[in-house]
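> Chain by chain, the residues run as shown.
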Amino acid sequence: MTMRIAMIPIMGAVMLNYDFMQHAFAAAGIVAIVAGVVGFFLVLRGQTFAGHALSHVGFAGATGAILIGGSPLSGLIAFTLLAGIGMGALGDKLSGRDVAIGVILSLSLGLGLLFLHFFTAYATQATALLFGNVFGVSDSTLLVLFGIGAAALIALGVIARPLLFASLQPELAEAKGVSLRLVSILFLAIVALAVSACAQVVGVLLVFALMVGPAATAQRLTSRLGLGVALSAGLALVEAWLGLVLAYYTDWPASFWITALSALAYFASLAGHRRAAAIPAH
Amino acid sequence: MASTSIPAIELEQVTIALGGRFILSDVSLSIGDGEFIGVLGPNGAGKTTLMRALLGLVRPSSGQVTVLGEQAVRGNPAIGYMPQLRSLAPHLALRGWDFVASGVDGHRWGLPLLNPARRQVVSEAIELVGATNLAQRPLSDLSGGERQRLMLAQALLGRPKLLLLDEPLISLDPHHQRVVVELVRDVQRRLGIAVLFSAHELNPLLAAMDRVLYLGNGHAALGTVDQVINGQVLSRLYGSNIEVIRINERIFVMSGEHDMERDAHMHENGHNHGHDHAHSHDPHNGRRHA
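Line by line, the protein sequences give chains A and B. Quick note on numbering: my numbering labels position 189 of the first sequence as 507, and the sequence is numbered without any gaps. Quick note on numbering: my numbering labels position 52 of the second sequence as 55, and the sequence is numbered without any gaps.
Isolated chain B (complex conformation) (with noise of 0.2 Å):
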């Protein structure tokens, strides 16, 4: 953390309101230039629409968004963003450096072809998250972490210096969530990068990453896991009882008999069809009557 240079984000007093609702209200916080950070919070907390104000898509009610010491604006290249897996077609037939490709200004008119230091910077990119044999085979051969590599290899063209993950863990098993979380520290220390990773669980990030960002409620709690994941801050966050249990280096956040950031990645698993892992106890099985 290089405490002298410029921070990565600088939130003043940000009041975010969507459809009349306070995602963010008066929220103010100070990310350094080579920070892993792991956003977390129950749905609807504002993690998404926190990215979203970062590149400059959403517009806060009031106070300032600085990133790079330069207020939030749309099409900023220095940052690298990963939409949810969901966002990508699954039966695309297309090669997979051809999809990487396609984020080379992809934002400028004219045919999308790429001359030789165009065709080296996604080859790069693609080299620096291991993909480059995935890169030749069709979107729609591989699984959903393997997309997922290639969509981290698109958001790290151009050398971005800070990056934003939304839910890179959604609906993979515990060991790609694994593979996905290792591989974008590797790349965070190699790049010497901010990121900005949301997650719905708390525990596979917590290797991995710097600070915790926790939402909710409105407000936001910035520091270390200790700091921030206690039933004082959480109780806030959410706005009722919370308990936070350690088991073997393990963390669970309960409400009552309710293991919370279970119940939100089950939520999400079940608008995610068709993927990786199914659940157990699913609803959907229980007993039909004749």
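So that you can see chain A by itself, here it is in the shape it has in the complex (with noise of 0.2 Å):
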């Protein structure tokens, strides 16, 4: 019995040995702590589905770069960067235009799909874009997810008060002298960073995992601004780590693992904040 519990933290130790696992840690850690603290303020501003429209349009981008001999990663930040901020810029008049969204969403995912076509090779590639592939991360890979994380959190830093301010009382920010629309642009372009260091590790059609699960069940259990940013972070984190841990035991791809505890830790939060809603508070 004992011999046995002993035999976990090696084959943890086993684990670790591997490059790839290396790699896939460090890219989905990186991942997990960007999507978690981006993703509270996108779920806090309600704008999750630009998120999700944002990823789709990565796709066509990652994957037109293919076709013109790029790298994949630089078309899906390109195309995504350039989405948010022309996202941002609309501001107000997309608001309530779901269906616009939508129809330039599964546009995107066609042309991904067209470029794609020209590709047949590639059918390994499509895979890994749309559903993530944190196991084949190279060197560069993670070179480039660290940058990209880094800008996104320092980024997210320096806008964050207006930001705070803009989504909770934008006719007050505004009379104050915040410009809404400066706001929106900067953060939707950090939207797509975050989103485009995602889909390296879940995929563009499973960004929601990260960028909107953990967020989502942060401000199910607590109320409170920091505690609910931190806490939005840690649970990406382990669920995205817990998430490598299964694929490798399971032999299960990750980002199914990934989605699977992400929606858990949801769902949880819902039935546990339902509890205590029955329990009346004094």
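In short, the hints are calculated from the structure, not lab data. Wrong hints could be hidden among the right ones.
[Claimed, not checked] With beta-carbon atoms standing in for the labels, derived distance ranges: (1) A:Ala589 to B:Ile9: 38 to 46 Å; (2) B:His261 to A:Ile419: 38 to 46 Å; (3) A:Gln340 to B:Gly113: 29 to 37 Å.
[What the hints assert, rightly or not] Some chain B residues flagged as far from chain A (calculated, every beta-carbon gap over 10 Å): (4) Arg62; (5) Leu114; (6) His178; (7) Tyr241.
Quantities reported herein were computed from a predicted structural model and do not represent experimental measurements. Just so it is clear, CB atoms sit at the ideal spot from N, CA and C, and this is done for glycine as well.
Each of the two chains sits in its own frame; use the hints to bring them together as a complex.
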């Protein structure tokens, strides 16, 4: 019995002997923290659909880049950034335009499919883009992820105060001199960076699992701002790393495990919230 | 009313046009630094536009808008502003305290971290409106009136000398309307500041306000209730024949058989779903044909 328990850390050590596992843990760690923090504000602002749309645009960008001989990651970053800035600039004109965003969203996936069609050999590439390929992260990709992640967090740190004010009380913020449009553009550019990084781990179709799931769960569990941001990042990190461990032992896709853990945590927080609500507060 | 000090608000021949329509045309008026002013008038008469002009968000096409002796500019820290309640997302699971605190230096870049002095400022503003306990709960658990109390605390951050309140009574029942009016009156007296309080209905404000500013048809009338709320002045502001009826300390502004203020109030509430009270004669409840 004691021997079997003692085996687990040894197996863990074996797991970390592999380069691809070290890379996977590093990549998932960076991405989870960035996604958890940025996602907290995305959920707070009610812009989760925008985040979803950005990742789909990124798919067209990544496949387009492959088509013209570039790297999919650079195409992904360029396209999501442009789309994020564009959506931020349109601002209020996009609110309530879910249909228009939805049409562009599916058009982007369609375009991505067309670009891939010209490269029939890239079926694995398509799966990697759509559902992530965390065990195939190279040294250079890891470096890029670190760069994007640092840029996103630093930029978010710079705009955090006006972003929060503009998200909670737009009219008052405007009266106090905050440019709602500038804040919106900068924030969606940051979201674009986070989405690009996220897509490397869980793929463009599943960025919700890290960008929205942990943030929404954290906001269910605490109403404190600082604690909420920390909890969101922490949950994302635990879900991502635990997903990798489970994937290692089961040989099932890591993206599946991460989405499953994200959903599990969210629904558990819903159930917990309902039970707490049933008990009178005083 | 201190007549020797600088007026809180001065408009000199101010004309404001939005989308080719004159909201205010050639309006001049002066409001003292400790006055409670009720701002009334039909929908679209320019109550919100006037506040936006004072905040420096709308430029007059001609004339001077002066706030506390200086030309109206955006970001004036001497003005506290409470937008309409509906601008606040009702499902926000954020603690009231953090919501109020987001207004501290909210226009400055950087992280929203507060030092002890700043925290004290937030706590004081919350205490001023008697919301210390409310502020520990998430906004999503609070009623409209409770959320409004926190919005008032936020508007009072930095101790403004002029407080602009945009329709605080919308979607509140008569009891909560009275609570809000009394709270604002109390805060206004304690801080000795000027208040512009816009509303659809005159009666809830009768006891609290020093003077009334009635807007309509591009014109403005400022004066005591007796000076402004009469058939002659209001007929000019509405551009139609208006009768003023007084019953037991209550005043009704009527055009033919319609109660003008009530109509406007109902209309506003029509846009405001899921709030504290429902109206008995909802037009959507009419009989449907199978």
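> Each hint: holds or not?
Evaluation of the provided hints:
no.	hint	in the structure
1	A:Ala589 to B:Ile9: 38 to 46 Å	violated, 59 Å
2	B:His261 to A:Ile419: 38 to 46 Å	holds, 43 Å
3	A:Gln340 to B:Gly113: 29 to 37 Å	holds, 35 Å
4	Arg62	holds, 14 Å
5	Leu114	violated, 5 Å
6	His178	holds, 22 Å
7	Tyr241	holds, 28 Å
Checked against the numbered hints given earlier, this structure breaks hints 1 and 5; the rest are met.
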